[in-house]
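K.L.:
Listed below are the residues making up each chain.
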Amino acid sequence: MIELDVHAAVAGSADVDPAAVLGRKGLFGKDRATLLALCAVHEALDLPPKTPRSPAEPDPGVAVVVSSNLGNVGVVSEIARGLRADGVRSVSPMLAPGASSNVIAGAIAIWFRFGGPNLTVCSGAGAGFDAIWLAGALLQRGRARRAVVVGVEPDDEDALALHSLRHAGPAEKLTGGAACLILSASTGTSAATATVTLRDYGPPPASPAVNAAVNAAVNAAADAHPDTPADSARYGAAGVFAVCAAVADVRAGGPPRHLSCGDAADGFRTLRVGGS
Amino acid sequence: MSVRVAATAVRTCFGDGPSTFAALSRGACGAAPLRLYDPAETRVTHGYEIEGGPRLFRASRWLTTCVDEALAEAGVDRSQQRVVVLAGTGLRELSAVEALATGGAGAEGFPAERLHFGPALTLAGACSAGGHALALAQDLLELGEADAVVAAGADAMTASMLAMIGRVAAEPTTRVRPFDRDRTGVLLGEGAAAVVLLPDDHTTGGPGPRVLATGLSCDAGHETAPDRAGILRAMRDAFARAGRAPGEVDLVVAHGTGTELNDPVEALALTELMAGHAPLVTAIKGAVGHTSGGSALLSLVMATYCMESGVVPHIVGLRDPLPEAAALNLVRDRPVAARPRLVQIDGFGFGGVNAVTLLEAT
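From first to last, the protein sequence lines are chains C and Z. Residues in the first sequence are numbered consecutively from 33, following the working numbering. Residues in the second sequence are numbered consecutively from 995, following the working numbering.
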């Protein structure tokens, strides 16, 4: 069982103006998903708008775990179209980091000087809970004292087009946006106002047959604890958004919340916010 | 708690694990003119491709093959045990996204779920993704979150990544020359690797080597350039977690990408870390190319073959070492007879993500 304290939970807006939050400097060439993610972290750290970036040495005690499936799909598509139309000389080296799928987590580390373990989870519909689970593993094994977990999807045309091809996705179109959780290993004290508990987290399903069994188990569990499903239209960001909303409810005095995240293709995961 | 390597499986341009180790030992270079990507489009002429199969969803196929092979060899039953598969990758199946964006084969679309490697838990970590999968595999076993974890990694190629290599190269290169003074840059290699890890306790005690620890760090400095301080943090983290000292290392399997930036930075970091101790240093990318998400795991698997065979292959493509490597005991020209007990494996990636693993023979 992995139990985590929640120090901040921010569900960012998809139409945020990055320059108004982060200041103009350093934004050039960054893709939309990265900008949304930086804004969500900025808010979660409770920094005033346009706070100058820290010149300090990287802090190895802060880990970054990003969940995103479509973050760099737009950049990769843009590079591919540019190559086809005008050849390699037309492609800006500024786009190079975006060719790699971990660009967002790297950019967060650089912007905020987080030198701890840096992960990007792209596991589909359950990516948000997978990210929280792996952040919990890093924290409980002493690899960092805090983990910044960011769920983010962009809403550019390439991302929307690919999302519409989800085999097990929702009827709705992709909802862009970024949410951020700041977590630590649970201390069992009352300092934090909410906890996330991952009990019997279980691996993703191994096959469609196992998938059905997992679904049945989730449904059976729902009888005892009505699960609130994460909003699947947020795809890789869904789990982090769901936890942010549940943390707000629990902090407002609501009962513990049992959440599920995933879909029939990628399997379901569950976790609990609040309670013990 | 260390964890035990119960079984391994790999695919490279040379084939499976034994074929790849044999090729390394005879100094073979797997680079060839690219068959699947047009050099006129990306300005990259060569690579280390795996022969055969269609252009899309290559990494998924090799990954599945390697994971199935390794689990079967380890005797792990997925229906009876809690088995987590962590799949590290740099490029996922983004070549299918490129096809969707540009027309041609694959433009009709594909289920978005095939961008990742479900049911494996897909981790994007550029060229050290496999090393990060190893670190998390050990963490999950130590926390009791799984009975067995497969640390896996796979990558094919994408036009966008090839273009970034072609864009910055002065001249197209034809092979990778790790730690060479006249190195001409990196080339991509296709490949996959899977390593089954089990808790190292009395119930699973066996003959496999032990992963003692993997140290992790992020440079938090630059998106694409390596950073000596960040790399050293990952190295020192590995030794601190393992309770070992750099002076105990017998062999380093370096990241060694043959790029202008990586090799001097890595050589200087190793020199500083070892502080006068001079273990053997080898690297495999001259033979198999840069296999990105699979590369750290592939290095680890080759290290297990070194332990078993008593042979450490030389660095293919290295003729004249760069000055920054003067203090390193680089394995050159021919394999050496040695049976390393403690091996350090380096993996560094875009985004400044570093993973350094310590593997010990039993």
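Treat the hints loosely; a few may be bogus.
[Said to hold, decoys possible] Using C-beta positions, here's what the derived DEER-type ranges look like:
#1 Z:1230 with C:199: 12 to 22 Å
#2 Z:1105 with C:59: 26 to 36 Å
#3 Z:1069 with C:80: 15 to 25 Å
#4 Z:1195 with C:86: 38 to 48 Å
#5 C:117 with Z:1048: 36 to 46 Å
Rather than coming from a laboratory, the hints here were simulated on the basis of the structure. Using N, Cα and C, we set each Cβ at its ideal position, and we do this for glycine too.
K.L.:
Hint by hint, where does the structure go against what was stated? Just the numbers, ascending.
P.N.:
1, 3 and 5
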